[in-house]
Amino acid sequence: MKIPHTRASRMLVLLAVALALPAAEAWSAGYEKATTWSGRYVGIGGAAASIASGSEAIYFNPAGLAGTERAEASLNLSPTFAQLEGKMPSYSPNAQFSVEGNRKMAPVAGTTAAYPVSDRFSVGLGFYVVGGMKAFYEDVSFQAIAPWATLTPTVKADLEITEFALGTAYQLTPRWKIGAAWRVVDVNTDFSTAKMILTNGVPVLRNIHFEGMSDTRYDGVRLGVQYQAPDDRWGFGAVWRNEVAFEARGKTSGVFQAPVGGIQTLPGGTASIKNVLPQQFSLGFYYRETPELTLLAEYSWTEYSANRVLDVTGNLGPTSLDTSGDITQNWCNVSNIRLGAEYTGFGPWALRAGYVYTTRATPSDQARATFSVPGHGHTFTLGVGRSLRERVEINAALEYSFASGRGSNAADGITEGSFRSDAVVLHTGAMYRF
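To get our numbering, take the position in the sequence shown, counting from 1, and add 927.
Derived by calculation from the structure, the hints in this document are not laboratory data. Be a bit skeptical, because a hint or two may be false.
Result set (SDA-like, lysine to any residue): computed pairs, CA atoms no more than 25 angstroms apart in a straight line [what the hints assert, rightly or not]:
(1) LYS1201 / TYR1226
(2) LYS1031 / GLY1139
(3) LYS1201 / VAL1111
(4) LYS1178 / ILE1124
(5) LYS1201 / PHE1063
(6) LYS1178 / TRP1075
(7) LYS1178 / VAL1319
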């Protein structure tokens, strides 16, 4: 039996889009990982708002640019290896099955530079990754529930959010610093989904692709302040960034397969997706227990509740996505609680350790195989740094993070079960003072 092409494509699209959209960071929450890059600051769990200095401060707290003694540049590489496990829905609860994603490497990196214009005034710039994901389920076989299904699709959400920043900072007094950065945010994503559905009582496997989706926004800012006690025994820092709305545009395509008729191609089209990288506020403190031992704590709050719906417009062939494509997110605000310690009692060496507790962004009733896990996350880091003469500093940190939880999906009424994710990251960084 062959399903009429136009009617099939229309019915398939209406059901397909709900699972086709990009998800959050697979191993954390929202569009951002608990830690991103920096061989130095990841070692303390990213609790850098109070102590960030030099060129990397343009990302962690632009106020830390002030006081830069000489021009410097840094390069950080953080290859991230992440994996997900979740439920792939079919046309009935009994037909869903668990899938384990392929562990993929995300080339997370950041490069920054700073220049002291005067003793109190400094400028800086940077280009770095701020968010994204690598959720890949390659060659997924549906033959366990549909022996006739020779189509083995790839289900993925490949998202990258990068940022170019230009900042400045001023030291108001020996104790107070303020800073600001202009952020250009670039979003790029490709994603696809596969699902077994019923069309007129006939099981149909469909695979939908959204390709080359991108957008660049120029309205981002980051503001920061730092305070240092007179004896430098303690201090604090605060950072705020604004919300940046984006509308990624690209192409659509797809294929489907029924029990009879083989694999058929759906007509292509164009589409756009609207969402936001939400505002964020961080407040951090440091305390020097001894001249060699520094303890750090930081709280970060990100307003992911602003992401209520993924707004989709466009078409797949003759089928409009304008009214059928919107996807409910109902994400939750995300909190990151960071704890860190740094010990510098071994000459040119610095030893670091950190922990981050991350609350979930995905509510338990909106779980998807390519969304972030509907559960809280944990991140553990160990780091080391060494100064080489006066001009060079090298840093490295090892990170392991994971999250797990049970969830369902109110939209399809089928997805239900356990979800988990984990990631291993090697953070490296080098800084050179001119």
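Status of each hint after checking the structure:
1. LYS1201 / TYR1226: 28 angstroms, violated
2. LYS1031 / GLY1139: 19 angstroms, holds
3. LYS1201 / VAL1111: 17 angstroms, holds
4. LYS1178 / ILE1124: Holds, because 23 angstroms separates the two Cα atoms, which is no more than 25 angstroms.
5. LYS1201 / PHE1063: Between LYS1201 and PHE1063 the Cα gap is close to 23 angstroms, so the pair holds against 25 angstroms.
6. LYS1178 / TRP1075: Judged against 25 angstroms, a Cα distance of about 29 angstroms means the pair is violated.
7. LYS1178 / VAL1319: 46 angstroms, violated
Violated hints, listed in ascending order, are 1, 6 and 7; each of the other numbered hints is respected by the structure.
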